[in-house]
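Visitor: Letter by letter, the chains look like this.
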Amino acid sequence: MRTFQMQRYSAIALLVFLTIHMIVVHYPPFHIDFGIILERMESPVWKVIDIAFLFFVLMHALTGAYMVITDFESAFNYRKGLAWAAIVIGVAAFFYGSATIWAFQPPV
Amino acid sequence: MSNNNAQRTVTVRIQRFNPDTDKKPYMQDYQVEMKPGMTVLDALHEIKTHQDGTVTYRRSCRHAICGSCAMHINGRNTLACNTPLKNEVTHKNTVTIGPLPYLPVIKDMVVDRTTFWEEYLRVKPWLIPPDDIPEKEFRMSQDEVKALHDAETCIMCGACYSSCAVIGLNKKYIGPHALLKSFMRVLDPRDSSPAERLEEVSGADGVYRCHTIFNCIDACPKGLNPTQAIETLRKLAQKRQKLEEARRERQKHLNEPIPA
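Chains Y and U, in that order, give the protein sequences. Residue numbering for the first sequence follows the working numbering, starting at 334 and increasing by one per position. Residue numbering for the second sequence follows the working numbering, starting at 2 and increasing by one per position.
It is worth saying that the hints were derived from the structure and are not from the lab. Do not take every clue at face value.
Restraint-style ranges between C-beta atoms, simulated for each label pair [claimed, not checked]: (1) U/P37 <-> Y/E406: 43 to 49 Å; (2) Y/A426 <-> U/R77: 38 to 44 Å; (3) U/D219 <-> Y/A426: 36 to 42 Å; (4) U/N83 <-> Y/A426: 51 to 57 Å; (5) Y/A426 <-> U/D132: 51 to 57 Å; (6) U/D133 <-> Y/G414: 44 to 50 Å; (7) Y/Q338 <-> U/R123: 21 to 27 Å; (8) U/F215 <-> Y/N410: 27 to 33 Å; (9) Y/G414 <-> U/K243: 31 to 37 Å; (10) U/R123 <-> Y/A432: 45 to 51 Å; (11) U/E197 <-> Y/M355: 44 to 50 Å; (12) Y/I356 <-> U/D219: 37 to 43 Å; (13) Y/G414 <-> U/H92: 47 to 53 Å; (14) U/Q29 <-> Y/M355: 54 to 60 Å.
Computed far set for chain U versus chain Y, every beta-carbon distance over 12 Å [unchecked claim]: (15) M39; (16) I107; (17) R123; (18) I129; (19) R140; (20) L149; (21) L244.
Among chain U residues calculated to face chain Y with C-beta under 8 Å, some are [unchecked claim]: (22) V167; (23) L170; (24) N171; (25) K172; (26) K173; (27) S203; (28) A205; (29) Y209; (30) R210; (31) A238.
For each residue, glycine too, the CB sits at the ideal point set by N, CA and C.
Next comes chain Y alone, as it looks inside the complex (with noise of 0.2 Å):
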């Protein structure tokens, strides 16, 4: 239930960054320019946006993955251990992403 849970919830939150994600990115006035990203990418804002755009997708990610893998009968009796690789992997992903996102400074 909590996996089941914690994908919809994830799925609700996607919508929202996914949306800013799209308008901010991809559409004009907010057309692929490269000083623009190196703007926002500055801005302490943008990077607690990004970073929680990042653990969104990998909530969303890692429990669709893990609930697909466990339909697998031969998968099911090691779902524990899978359970538990997922959030290994989850951590360290968003513990590399988020440092990445907030280490960012714009050349000079």
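Got chain Y; can you put chain U on it based on the hints?
Guide: Just chain U now, with coordinates in the frame of chain Y:
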């Protein structure tokens, strides 16, 4: 007589398999003269009686109420006894019949339903009445009865179970048939343990494993909606303690007349 009712010969392709002698299933063709009003089960009877006595299938009532003759006909699960043969004849003048998918074949169209019944018993499909049973009768409102009615008409044919893609991958999944029965008991105001039932069905192999593919709805020969039942169980599982309290309150008035 119209062309639709005119007698003609159709090819019935049957999947044959005897685990004792065959390495793998194979298709065998039979020619059957289609008579007006003939069902797929009638065609099978015709073949078994007059052409090949070794063709094996389950059947009993011929009135779509026992659920014995559920089969895979032209790519979908349905009851052979209430499927008109003429509706199934393709443009190649054939009807293809096989056993229910995802279940071990015992012989030809007869499948091993052990997991189907095991999962059914797992949800305790019987009524667990309250301690203080009313002296005369349980009184339920029209709406309460209506909510149960669809689920009550399930004939346990297994068409939904063997059309479920999750069952194809994992036999430990409870399955749409059992979840529909569990839904019926959870909503039944006479039942005293909805929270316990919801706990059972909300485990790792319960309602959250459903992918809402709707195969069970397509397959059900009674037109029932197991997916809707599973969705309802999912919602109720989130607030099972509240439901339990509401049920206890409702059961205090089970022997009182329902206000009009």
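Visitor: Now, for every hint given, state plainly whether the structure supports it.
Guide: Status of each hint after checking the structure:
no.	hint	in the structure
1	U/P37 <-> Y/E406: 43 to 49 Å	46 Å, holds
2	Y/A426 <-> U/R77: 38 to 44 Å	43 Å, holds
3	U/D219 <-> Y/A426: 36 to 42 Å	39 Å, holds
4	U/N83 <-> Y/A426: 51 to 57 Å	54 Å, holds
5	Y/A426 <-> U/D132: 51 to 57 Å	53 Å, holds
6	U/D133 <-> Y/G414: 44 to 50 Å	47 Å, holds
7	Y/Q338 <-> U/R123: 21 to 27 Å	23 Å, holds
8	U/F215 <-> Y/N410: 27 to 33 Å	28 Å, holds
9	Y/G414 <-> U/K243: 31 to 37 Å	34 Å, holds
10	U/R123 <-> Y/A432: 45 to 51 Å	47 Å, holds
11	U/E197 <-> Y/M355: 44 to 50 Å	46 Å, holds
12	Y/I356 <-> U/D219: 37 to 43 Å	39 Å, holds
13	Y/G414 <-> U/H92: 47 to 53 Å	51 Å, holds
14	U/Q29 <-> Y/M355: 54 to 60 Å	56 Å, holds
15	M39	40 Å, holds
16	I107	21 Å, holds
17	R123	16 Å, holds
18	I129	22 Å, holds
19	R140	34 Å, holds
20	L149	25 Å, holds
21	L244	15 Å, holds
22	V167	6 Å, holds
23	L170	5 Å, holds
24	N171	4 Å, holds
25	K172	6 Å, holds
26	K173	6 Å, holds
27	S203	5 Å, holds
28	A205	6 Å, holds
29	Y209	4 Å, holds
30	R210	7 Å, holds
31	A238	6 Å, holds
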